[in-house]
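Those protein sequences? They're chains A and B, same order as listed. Here the first sequence stands for residues 271 to 371, where the numbers follow our numbering. Here the second sequence stands for residues 22 to 193, where the numbers follow our numbering.
I should point out that these hints are in silico values taken from the structure, not numbers from a laboratory. Worth double-checking, as some hints may not be accurate.
Okay, the calculated beta carbon distance ranges per label pair [stated by the list, open to error]:
{"hint": "1", "chain 1": "A", "residue 1": "T275", "chain 2": "B", "residue 2": "A153", "range": "21 to 29 Å"}
{"hint": "2", "chain 1": "B", "residue 1": "V40", "chain 2": "A", "residue 2": "Y325", "range": "24 to 32 Å"}
{"hint": "3", "chain 1": "B", "residue 1": "F30", "chain 2": "A", "residue 2": "N357", "range": "42 to 50 Å"}
{"hint": "4", "chain 1": "A", "residue 1": "D367", "chain 2": "B", "residue 2": "T135", "range": "37 to 45 Å"}
{"hint": "5", "chain 1": "B", "residue 1": "Y164", "chain 2": "A", "residue 2": "T275", "range": "27 to 35 Å"}
{"hint": "6", "chain 1": "B", "residue 1": "V132", "chain 2": "A", "residue 2": "L368", "range": "39 to 47 Å"}
{"hint": "7", "chain 1": "B", "residue 1": "V40", "chain 2": "A", "residue 2": "E359", "range": "31 to 39 Å"}
In silico SDA-like pairs for lysine to any residue, Cα to Cα no more than 25 Å straight-line [said to hold, decoys possible]:
{"hint": "8", "chain 1": "B", "residue 1": "K190", "chain 2": "B", "residue 2": "E103"}
{"hint": "9", "chain 1": "B", "residue 1": "K191", "chain 2": "A", "residue 2": "L369"}
{"hint": "10", "chain 1": "A", "residue 1": "K370", "chain 2": "B", "residue 2": "G184"}
For glycine and all other residues, C-beta sits at the position ideal for the given N, C-alpha and C.
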Amino acid sequence: MAEITTVHYLVVAAALFIIGTIGVLTRRNVVIILMSIELILNAVNLNLVAFSRLYGLQGQVFSIFVITDAAAEAAVGLGIIIAFFRNKETVNVDEVDLLKW
Amino acid sequence: MNPVATTFFFYSLALAAIVSAIAVITRRNPVHAALSLIVTLLSLAGFYLMLYAPFVAAVQILLYAGGIVVLFLFVIMLINLEQNVREYQFNKQWIVGTIAALALGGLLFFVYRTGRGAFPSVFYQGYRGLEADNTQRIGIALYGQYMLPFEIASLLLLVAIVGAVVMAKKRI
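Make a model of the complete structure from these sequences and hints.
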């Protein structure tokens, strides 16, 4: 069978990225939107590690930094969700219009 | 040691990752979505092992599947989602959003298809065998060449901790 090349990994990462983007754009539940952002960050990580197989260790070091950022983003985002749910009793993003006008 | 059955493992992991990623964005119940997210993250850890990055694979399992998804599940249990599960799950502009994202995906696939020759088809051979001391090399890089970004990342985590406490606390 055909050998697995870097492009195969890039295509899988692109598919995960697109699925995450669709989730961010279409869902109403803000918890699911944060999970979709995690999917997007993971797609980027897969790209970085796939290229680190070609060019050296830098990609893996950067993927560690991306994982750190994802942890920070999840902690702050979920804190915002808890504060928001306490005030409005909902987690739907289209009902958040306090800053609109 | 040469890898065995790479093609079979690659397509199995790709199928698991993409099917569970679709489940993440389509499930009505957020708990099911979080559990599907774990499957996606574990498949990606398998990809990292296939790419000779065992340290990143271990960090992926420990930090993502063990840390971040548990945080998600805690928050899902803290907020009462029973009413939300009965509501309509997609917003009004979902058709436009899906079409735009799929157009971006088509563009990416077109670029990969036409630019396939630009990527080296075989893996860098001098890199083979370095996976034995992969963790050691990443540690040396983090504390040598990437010292400043590493310290900035620790500062970012401190700020995130303080920010999360300030956000979630009722009364400061």
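In ascending order, which of the hints set out earlier in this document are inconsistent with the structure?
none
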